[in-house]
Amino acid sequence: MAPFNEDTIKNIFCEVLGLPAQNVTDTLAYNSCEQWDSLKHLQIVAMFEESFGIEIDMDDIIAMETYGKVKEILHKYLT
Amino acid sequence: MITCHLVDGKFEKQSCTDFDGIVTSINRNREVLTALPVDAIIKILDGLGKRVLKNPEINTVPGVSFISLWLRRENLDKICQINYSDKRYIDGFGKTGQNFLMMAQPRGIVCQWIAANMPTLGFFSVVQAILSKNGSIVKMPEEYVPLISSILRELPAISVEYEGKTYSGKTILDAIALVSFEGRTQETSEQFSLAADCRIIFGGSEAVRIISRLPCRDHCETVIFGPKYSFAVFDREFIASEGFRKSLDLVAKDVAVFNQMACSSPHVLFLEKSRYSVETIASWLKESFEKMPPVLRHQPISSGMSARIINARAEYQLADGRNCIAPQDLGWTILMNQEPCLEEPVQGKCIFLKEIGSADEVIPLVNHKIQAISIGILDPVKRESFARQATYRGADRIVIPGTIHDFTLPWDGIMTLNRLVRWVILKHS
Amino acid sequence: MMPCAEDDRSHSSRLRDILLSKEPYSESDAHKCETLMPILREQLKGARENNPQIDHFLTRQGIIVDDLQNLEEVPFMPVQMFKRFDLRTCPEQAIAKILQSSGTTGGTPSRIPLDKSTAMNQIRALKTILADYLGKNRKIFLVIDHEGINSPSMAFSARTAGVRGLSIYAKKTFYLLKEENGKLVLNLPVIRDVMEKYSQDDVYAFGFTYIIWTTFYEQVKKEGLRFSFKNFTLFHGGGWKKMQDLAVSKDEFSASIAAIFGAQPENILDFYGMAEQTGIIFVDCKEGHKHVPAFSQVIIRDPYTLQPCPPGKPGLIEVMSVLADSYYDQAVLTEDLGVLVGVDDCPCGRKGRYFRFVSRVEKAEVRGCGDTFRE
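Residue numbers (the working numbering), protein chains in the order written: chain A, 1 to 79; chain B, 80 to 508; chain C, 509 to 883.
Hint data in this document are derived by calculation from the structure and do not stem from the laboratory.
Beta carbons are placed, not taken as given, at the ideal position from N, Cα and C, and that holds for glycine.
Do not take every clue at face value.
Under the rule of at most 25 angstroms between Cα atoms (straight-line distance), these lysine-lysine pairs were calculated in the BS3-like manner [unchecked claim]:
hint, chain 1, residue 1, chain 2, residue 2
1, A, Lys-76, B, Lys-157
2, C, Lys-540, C, Lys-794
3, B, Lys-325, A, Lys-40
4, A, Lys-71, B, Lys-129
5, C, Lys-680, C, Lys-635
6, A, Lys-69, B, Lys-129
7, C, Lys-821, C, Lys-794
8, B, Lys-133, A, Lys-40
9, A, Lys-40, B, Lys-370
10, A, Lys-69, B, Lys-325
11, C, Lys-679, C, Lys-635
12, A, Lys-71, B, Lys-133
13, C, Lys-871, B, Lys-448
14, C, Lys-794, C, Lys-530
15, A, Lys-69, B, Lys-332
16, B, Lys-249, B, Lys-92
17, C, Lys-705, C, Lys-679
18, A, Lys-40, B, Lys-332
19, B, Lys-325, B, Lys-174
20, B, Lys-129, A, Lys-40
21, B, Lys-365, B, Lys-332
22, C, Lys-540, C, Lys-530
23, A, Lys-10, B, Lys-129
24, B, Lys-129, B, Lys-249
25, A, Lys-10, B, Lys-133
26, C, Lys-553, C, Lys-605
27, A, Lys-76, B, Lys-129
28, B, Lys-157, B, Lys-244
29, C, Lys-750, C, Lys-691
If the Cβ cut is set under 7 angstroms, some of the chain A residues that face chain B in the computed set are [unchecked claim]:
hint, residue
30, Gln-35
31, Leu-39
32, Leu-42
33, Gln-43
34, Ala-46
35, Met-47
Using the sequences provided together with the hints, build the complete structure.
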């Protein structure tokens, strides 16, 4: 398991969604961000799991509705 | 004439006149599948779910992200858990607390009839046969073969380590055959049915009736996922609650997925009389439809469906005591009347809104044709009472908005995996 | 100052009289909007006043009649509504008769309320259309059907409507089939009589495509009969669903039928029309294009967006007419698919739009595992 690293998380977001880093803020939300669809969501999850060597629960996958929430949930796995 | 698209792990289109060769191949290969530990099978399928996300040929197809989520180890574990009570029973004899050991043996060859309304249906059907270590011969509409094939094609490249051994996805693939043939040819249909140790039938009422009457072997088990109807009901407290507006987005999504052609698609939304008029709620639902992503908002429809929608709209615009809200195109339609009854499906995102005095008024409308009821009822006592009465009368699933199509077992009242195995015992000596 | 309604209505009927007295294919399509819209607006106002359900229909679509500028904006009535609603647009006491048309496939009949002036307009309209294809003089009229379909005891069907409509050009009428034990057979005495007496005359005939092919043509071939007239034109329509099932093409049909009448295939004219819109038939020209007369318009609508389709793109056929003051006939959306071929430039010289019929809408049942709620 790799340690919690916000840069890694943000890089994955920027890469999958094709967004510049300054657009990825805590309020960035699945419901309002056009690029963030269900497929991208699962691709992001898959990359987290690969990069950090973890397996994320389904309930947590569904709860990852904003970037802020994503960090909070990953923090739980990585500490 | 039978067209075989996949057998023995090879994706080659070939014609045959009977199923003998396919049956021999599946019977040989399913024995190898049976030797795979269920945890290895789950690991392979979990790997498949991750691979489909990366394949640009498949990952843009609607429904593929759901497949990927559904194939996650955690979900497959839960499916086995609820079907077998303990997944170790599928790998060998296990203790029961009685004076015998028990095991779940696969039934053998599962012949599957896939309906022409949901491209990914065939895939879910096959995975259930795999999780019960059965061989599959799947009859599906030719137009779905490319999608299902491109998912299954990923299997041989997956290998997993489990308890020191390596297992390949190829073992799973080898136990699956994909075929298509004209369902109206009696002889071929009979041959297919007679090849089965177990039949799974998906389809409308005519198809189900005809197929289930085909001759089959005495030991053959038949699992039917027949035609069904779904709807939604919200009570007064729920409509007054904070989450109500958001739940209308979810209702719109439930209506839109599969363009209202699935058995789990809701056709009517009953609303308990509340502080908002039906017209007000309809105007909010309109916003929900309008802001849907284009793939859901605009979906191809047949000209027959187009005529049905046009006629339904005009009828509701002409008649007294009825009303209709709709855009210029046929993307969605809200039809309103006061009659406390269910309505024949129009499909193509036509939802009927009806105001009722109390949620309980819909209970007498429930019969065995009802699959899912999406409820907005907050009080836990009221929820459970509603659910108990509605399911007693025939409904299979009481769900919440936004989850009506979530494919969880039991489905249609059926624990599929459990039906695909025989429970065998070994007495203690 | 707004003119009063009475004046307007007589004004619009004067406009319509002008349209009906002109040659039906002499005006270019660009004039249609200007000539038809004033009449249609007045008819919609009348509809609104006289029928509360049509008032709902317009109100619920947010229609303000005076704001309607283009033909495409006139709300269309799906043809099925004729079965389910009273679509009268005039005072009840003005209705002279109600046609009940069961169409070709049977089932619940359409109800078509007619007042005297509407019935007269329909006759005048048909006459101008037929004159364009047949010339000025009335002719011998052969009906490829049995006389019983015209009897008042029979329900008014699409077959009846066709015979009655086309007979306005007849000098004399003969029915070439008769009914025997519930089956249609050749009426041989009449056929021989016609063959003997009228071989030097101008003759026109009418029949349903499917009946002509499966009954008349089959039996004539068997009997080895062959007709010969000075001039012969056949109008046939309807039953294309059944013809498609038989896999008979329009060309094959025309060639075979022309041969037995000793005529040229281009005189075998397919037409498209609906009982709900008696008075207007869209007849093939020699190029095989169906033409739209001056008092009518055809719009092809995309089956999903419902927007008008450009030439070449198939869609649902909407037929418009200014003939009826007594029922909602101004814009009727059919359950047929057609394709606009062109505008004003058909090699036959007729102006206006021309189109082709493609097929009936497939009446697919509700598909998939979603189904009726009934057990």
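Here is how each hint holds up against the structure:
1. A:Lys-76 <-> B:Lys-157: This hinted pair holds, its Cα atoms lying about 23 angstroms apart.
2. C:Lys-540 <-> C:Lys-794: holds, 24 angstroms
3. B:Lys-325 <-> A:Lys-40: holds, 23 angstroms
4. A:Lys-71 <-> B:Lys-129: holds, 22 angstroms
5. C:Lys-680 <-> C:Lys-635: At roughly 16 angstroms apart (the allowed maximum being 25 angstroms), C:Lys-635 and C:Lys-680 satisfy the hint.
6. A:Lys-69 <-> B:Lys-129: holds, 23 angstroms
7. C:Lys-821 <-> C:Lys-794: Satisfied, since the Cα-Cα distance of roughly 22 angstroms is no more than 25 angstroms.
8. B:Lys-133 <-> A:Lys-40: Within the cut-off at roughly 10 angstroms; holds.
9. A:Lys-40 <-> B:Lys-370: Satisfied, since the Cα-Cα distance of roughly 20 angstroms is no more than 25 angstroms.
10. A:Lys-69 <-> B:Lys-325: The given pair, whose Cα atoms are some 19 angstroms apart, holds under the 25 angstroms limit.
11. C:Lys-679 <-> C:Lys-635: holds, 13 angstroms
12. A:Lys-71 <-> B:Lys-133: This hinted pair holds, its Cα atoms lying about 23 angstroms apart.
13. C:Lys-871 <-> B:Lys-448: Holds: C:Lys-871 and B:Lys-448 sit about 24 angstroms apart, inside 25 angstroms.
14. C:Lys-794 <-> C:Lys-530: Holds - the C-alpha atoms of C:Lys-530 and C:Lys-794 are around 22 angstroms apart, at most 25 angstroms.
15. A:Lys-69 <-> B:Lys-332: Holds. A:Lys-69 to B:Lys-332 sits at ~24 angstroms (cutoff 25 angstroms).
16. B:Lys-249 <-> B:Lys-92: holds, 19 angstroms
17. C:Lys-705 <-> C:Lys-679: Holds - the C-alpha atoms of C:Lys-679 and C:Lys-705 are around 14 angstroms apart, at most 25 angstroms.
18. A:Lys-40 <-> B:Lys-332: Holds - the C-alpha atoms of B:Lys-332 and A:Lys-40 are around 19 angstroms apart, at most 25 angstroms.
19. B:Lys-325 <-> B:Lys-174: With Cα atoms ~48 angstroms apart, B:Lys-325 and B:Lys-174 exceed 25 angstroms; violated.
20. B:Lys-129 <-> A:Lys-40: With Cα atoms ~12 angstroms apart, B:Lys-129 and A:Lys-40 stay inside 25 angstroms; holds.
21. B:Lys-365 <-> B:Lys-332: holds, 12 angstroms
22. C:Lys-540 <-> C:Lys-530: holds, 13 angstroms
23. A:Lys-10 <-> B:Lys-129: holds, 21 angstroms
24. B:Lys-129 <-> B:Lys-249: The given pair, whose Cα atoms are some 17 angstroms apart, holds under the 25 angstroms limit.
25. A:Lys-10 <-> B:Lys-133: OK: A:Lys-10 and B:Lys-133 at ~20 angstroms, within 25 angstroms.
26. C:Lys-553 <-> C:Lys-605: Since the Cα atoms of C:Lys-553 and C:Lys-605 sit roughly 22 angstroms apart, the hinted pair holds (cutoff 25 angstroms).
27. A:Lys-76 <-> B:Lys-129: This hinted pair holds, its Cα atoms lying about 23 angstroms apart.
28. B:Lys-157 <-> B:Lys-244: holds, 24 angstroms
29. C:Lys-750 <-> C:Lys-691: holds, 18 angstroms
30. Gln-35: violated, 12 angstroms
31. Leu-39: holds, 5 angstroms
32. Leu-42: Because about 5 angstroms separates A:Leu-42 from the closest Cβ in chain B, which is inside the 7 angstroms limit, the hint holds.
33. Gln-43: holds, 5 angstroms
34. Ala-46: holds, 5 angstroms
35. Met-47: At 10 angstroms from the nearest chain B Cβ, A:Met-47 fails the 7 angstroms test, so the hint is violated.
In summary, the numbered hints that this structure violates are 19, 30, 35.
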